[in-house]
Amino acid sequence: MSDGREQRLAEVFVELADTLVEDFDVIDFLDTLTIRCVELLAVDAAGVTLADSHGRLRSAAASMERARLLELFELQTDSGPCVDAYRSGVPVVNANLRVNEKRWPRFSTAAREAGFASVHALPLRLRGQVIGALNLFCINASDLSEQDQRVGQALADVATIGILQHRGTQQAENVTQQLQTALNSRLIIEQAKGILAERGDLTMDDAFEAIRAHARRTHQRLSDLARAITDHSSQTDQILTNVAEPKP
Amino acid sequence: MVTMAMEACLATMRNEYRASQGGLSSLASSTVAKVLGVTGVGALVVLGATERLPTPTWGDDSVGRRLADLQFTTGEGPAIDAIEAGVAVFAPDLADLSESRWPVFTTEAVALHVGAVFALPLQLGAIQIGALVLHRDAAGPLCTSALGDAVAFADAATSMLVSAAAGALEMDDDLLGQQMVVFQATGMISVQLDVDLAEALIRLRAHAYGSDQMTSKVAEDVVARRLRFDDQR
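Sequence order for the protein chains is A and B.
Following the working numbering, the numbering of the first sequence begins with 3 at its first residue and continues without gaps.
Following the working numbering, the numbering of the second sequence begins with 84 at its first residue and continues without gaps.
So that you can see chain A by itself, here it is in the shape it has in the complex (with noise of 0.2 Å):
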C-alpha cells in the first residue's frame, strides 16, 4: 500500500470514530461511510442494507442517490448478493455478473443495465448475528485485492458499530429496535427529499444534496432536518435559496 493511500485511511477510520460521538445521525454516519468506500477501494458504488424485522434487507444509505442504485438493493429481496452474504454471514467477493446471471436472475439483469460487471457483498457482523450487508458495485469485471478486502470489510464492521450506538431519544436497546429506527430514519428523509423536490422542482438527487448541505451549513442533523421539513416548517424556502444561488 502507498504511503499516500495509508494516511488517507487513517484519516477515514478517524473521522469516522469522530462521527461517532452522544447524538450522532446515523443516517448521515453511513452515507459518509458508503462515500468513503468508493474512495478507497477499488469500486464505483456502495450502500448498506439493513434487515427488517422479517428480515428483508432495506436501503439504508448509498454512495449516490441515484434512483437505479436504490432499485438494485430493492431488488434483492429474496435473490442477490447481499441476501447471500446476510444469509451466510461470508462475504460475497469478486462475483462478475455475467457469471452468476443464474445465481441472481433478476438482480444480475439490472445491475448489468444500470452499468455495472462486478459486486461484492460484506456482511454486517454483530458476535452471532448478522444486521445487514454493505454492497459494492464496480464497472469493471476486476478483481478486489486482499487488502481492498481487508479494508472493505474492516468498513463494514465500523458501520456495524456506528448503527448499534445509536441510540433512539428513548432506551429500547435491542438490536432490532434499532435496525428499525435507523430505517424509520431513512423513510423521514425519502419523505422530506419528495416536499422539496416539488416545492423546488428539483430532482430527488438535487434534493437530497441540498437537505445536506443545508444541514452541515446550520450545523444540524440530517434527520433531524428531514423531519422538520417535513413537519412543513419554514426551512424549506432558506433550503431552495441556497439552491438557487451556491455560495462560494
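Quick caveat, the hints were computed from the structure, so don't treat them as lab data.
Hints should not be assumed to be uniformly reliable.
To be verified - Incomplete in silico selection of chain A near chain B, CB under 8 Å:
1) Gly-57
2) Ala-112
3) Arg-114
4) Thr-178
5) Gln-182
6) Thr-183
7) Ile-190
8) Glu-192
9) Gly-196
10) Glu-200
11) Arg-201
12) Leu-204
In this text, a Cβ means the ideal position worked out from N, Cα and C, and glycines have one as well.
Model the placement of chain B on the given structure of chain A, informed by the hints.
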C-alpha cells in the same frame, strides 16, 4: 425474525381484512397476546383521530382497555411517548421506584397488577399512525423473538390502518416494503395537495387501489412527473 405463530396471525389478519375491511377489530387481541407471550395487547391510533389525540381503537382485555383509556385521558404514558418520539418505549418494571416518567399512569397500572408495559410506534417515516401497547403481569424484559414478532405485527397493523383509511379492499403489503419511491411520492403529493403526509399517503394508496395498480407503480409516475394529484379534481 418472525415466528410461525405470528406468520399465521398475520395471514388471518390479511384474510379478515379482505372479508370485512374491519381493520384491527376483526382480529382477537387475545390471540395476538398469546403469540407474543404477554397478558394483553392493544393499540392507540392517531390517524384520523380528532385533534390528533391518540385514541384507543383496539384490544379487548379489560386491563389493556383501562391502560389505553388512562393514556388517552391523562395524555401521559408509554404509548404517548412512543408516538411523540417515533421510537419504542419500554417499561419492563413498572413497580421499580425509579419508574417516574408517568406518575398517574404508573400508579394506576401498578394498582391493576401490571408488571411491564411495552409500546411500539406505528409509523411510516414521519407519519405517526399510533402505537401498539403490550402489557404483562410479570415484570421483566420482552424476549428477542417476542420483540421480532411485535415489530412485524406493528408493521402489518400500520399497513392495515392506512389501507382502511384509503378505503381499499386489500391490505397493501408493499406499503412498508423497501420502495423508497413511495415515500418520495408521498412528500410530493403533500405539497401538490397542501395536505399532511398522512393524508398524502392515503390519497396515493386510494389512487393505486382505484386504478388497480401497485402503490409503488403510481408512486413512480408521481416521482417521474407523469402524474400530478392536483390535476385531477
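Here is what the structure says about each hint:
1. With a least beta-carbon distance of about 5 Å to chain B, the hint placing A/Gly-57 at the interface is held under the 8 Å criterion.
2. Hint status for A/Ala-112 relative to chain B: violated, with the closest Cβ pair at about 14 Å, above 8 Å.
3. With a least beta-carbon distance of about 21 Å to chain B, the hint placing A/Arg-114 at the interface is violated under the 8 Å criterion.
4. Look at A/Thr-178: its Cβ gets to within about 5 Å of chain B, closer than 8 Å, so that hint holds up.
5. A cut of 8 Å between beta carbons decides the hint on A/Gln-182: the least distance to chain B is about 6 Å, and the hint holds.
6. Annotation: A/Thr-183 was flagged as interfacial toward chain B, and the flag holds, the nearest CB pair being 6 Å apart, inside 8 Å.
7. For A/Ile-190, the interface hint holds, the least distance from its beta-carbon to any beta-carbon of chain B being 4 Å, beneath 8 Å.
8. Nearest Cβ of chain B to the Cβ of A/Glu-192: about 4 Å, under the 8 Å cut. The hint holds.
9. The restraint placing A/Gly-196 at the interface with chain B holds, with a minimum CB-CB distance near 2 Å, inside the 8 Å limit.
10. Contact between A/Glu-200 and chain B, as hinted, is supported at the beta carbon level, the nearest pair being about 4 Å apart and thus within 8 Å.
11. With 8 Å as the threshold, the beta carbon of A/Arg-201 comes within range of chain B, its nearest partner Cβ sitting at about 6 Å, so the hint holds.
12. With 8 Å as the threshold, the beta carbon of A/Leu-204 stays out of range of chain B, its nearest partner Cβ sitting at about 11 Å, so the hint is violated.
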